[in-house]
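J.: This is what each chain is made of:
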Amino acid sequence: MTQIDVNTFVGTYPYRDIGAWTAEALVRVCIDAGTTSAWVSHLSAAYWSDPAGGNAALFGLAAAHGILRPVAAVHPGRPGWEAVLAEARARRAPAIRCDASWYGLEPAGSEMRSLLEASADHDIPVMMCVRLEDLRQRHPNDVTPDLQPATIRQLIRHAPRARLIVTHADREFIEQVHFGSTPEEASRILWDISCIWGPPEDHLELLLGTVGIERFIYGTGIPLRLAETTAAKIDLLGLDAHARRRLLSENLTGFGVE
Amino acid sequence: MLIDVHAHFYQPAGARADWAERNASRLKAGATIGITRHVASILGTWGRTSPTYFPSPADVCAGNDALLALMAQHPRLISGYACVNPNYTDHALNEIARCLAAGMIGIKLAASRRADDPLVDPVAQAGARHRVPILHHVWQHRRREWPGQEASDGVELVRLARRHPGSAFILAHIGGGGEWTHTLAAARRVDNVYIDLSGSGVDRGMLEACINAVGPTRLLWGCDITMCTGWAKLRRLERILSPADYDCVCWRNAAAIFPAGAFDQ
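These protein sequence lines map, in sequence, to chains A and B.
Residue 240 in the working numbering is what sits at position 240 of the first sequence, and the numbering runs on without skipping anything.
Residue 252 in the working numbering is what sits at position 252 of the second sequence, and the numbering runs on without skipping anything.
These are computed hints drawn from the structure, not numbers from a lab.
Being a predicted model, the structure only gives us computed values, none of them experimental.
Glycine is no exception: its CB is placed at the ideal position from the N, C-alpha and C atoms.
Just so you know, not all the hints are guaranteed correct.
Stretch by stretch, here's where chain A covers chain B in the computed footprint (C-beta under 8 angstroms, at least three residues) [unchecked claim]:
#, region
1, 71-85
2, 226-237
3, 251-257
Not the full set, but computed from the structure, chain A residues with beta-carbon under 7 angstroms of chain B [as the list claims (entries may be wrong)]:
#, residue
4, Trp197
5, Pro199
6, Arg225
Model the full structure from these sequences, guided by the hints.
T.: Below is the structure:
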């Protein structure tokens, strides 16, 4: 069964020792988890002044490992960002990512709005992360604000053809965006399920019913999170094969991602 | 056998209207995961008539009574911790005696009083006297006060444990938020502190660090309020531990610190 993990990283993390985390290690973990395609972002570069500095490495890894697909980072506050976006498209990146808070950008400011418009022109979704670690465990120097639901609502309204993929969101975040948007706006957002709780709170089961299964996709957050978590969450849902396929890959196809 | 040493149930007098659904969901998910015993607590009325982490004596009793009722409904599946508030010393000691006599097998201390406060000593002594473990809510590296609770961290629980070497302490939810390496450094050489692996945190490398810090004989498997993360950790443990050590974490270690026969089927 095709299983696409949209939420993986290579590189190092400044706030915690994650060991020697190489592309080979990522591929090994993905294969063990049954993943057939992993969208990979550059974790180290997320903290660089120019996060696009990790893109070349991602393109190289994708060329070397057929299972990996590069999620190139674009910083719309830096000169030449349009070319970075165009290169990502040319290199068949399934999405680009822009984490405004990490880059020091106004999350729904003019640069982000420009990026959303351009991403629509290039017909490529923009990935954003709500948070990498929850507030309780952050390093004292990690004061990056979480992505806010209002930001997503503003961005999706601003760029009528843009598509967003949001990772690491919880139930409350998703509900505030989904039900604070028109059906058309909401149809342009996908949510990875890495941080939605299963039983006994059953947030994921609830959201599949209220928001709709078509809005959710498989993501793990490795290497910061255990890959086993998302699989366990899905297994606890007791889905039939069709619903499982939708979560694992088909919802991405329905979203227009190659 | 698979023992969840950190489970919670809700109750009709509590703050949640969906208490029965959540309880049923826990049991259903437990059956899927293979949990053979939920060792659980109910923290008063979960905030309805007194704060979750500072339950009034009346709410403490109400929560424990509700848990005893659940135990009666599921005698081979649910066991209980007597939840107490150590600020009410006499009430806490009487409640421990009452609940253990009624079949509970442990004591639950949430966050009503800092773990190293002398006021907690009588409860720790009661644990030793009754030969039951004490599950203590812990915030991994608490750098400041957090609202709604007087949370303790690993260093503070270790101080209590050193004062009471005859008591067994379960350090709650290493994955429950906070900086867990701080906790592991504190608990490394304190043999009467057992690390409970529950919590929503699923940091890659955390389980390996726990094994390295205290060894597989001082680890206890549990879920707390997110069972998918508990199952994920179980899957990971199965890959990184020998079968014998895996059994220790799943149930043998628990069987060794809870009263004899507590988990007989």
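J.: State for each hint whether it applies.
T.: Each hint tested on the structure:
no.	hint	verdict
1	71-85	violated (count 0)
2	226-237	holds (count 9)
3	251-257	violated (count 0)
4	Trp197	5 angstroms, holds
5	Pro199	4 angstroms, holds
6	Arg225	5 angstroms, holds
Taken one by one, the earlier hints fail for this structure at numbers 1, 3, listed in ascending order.
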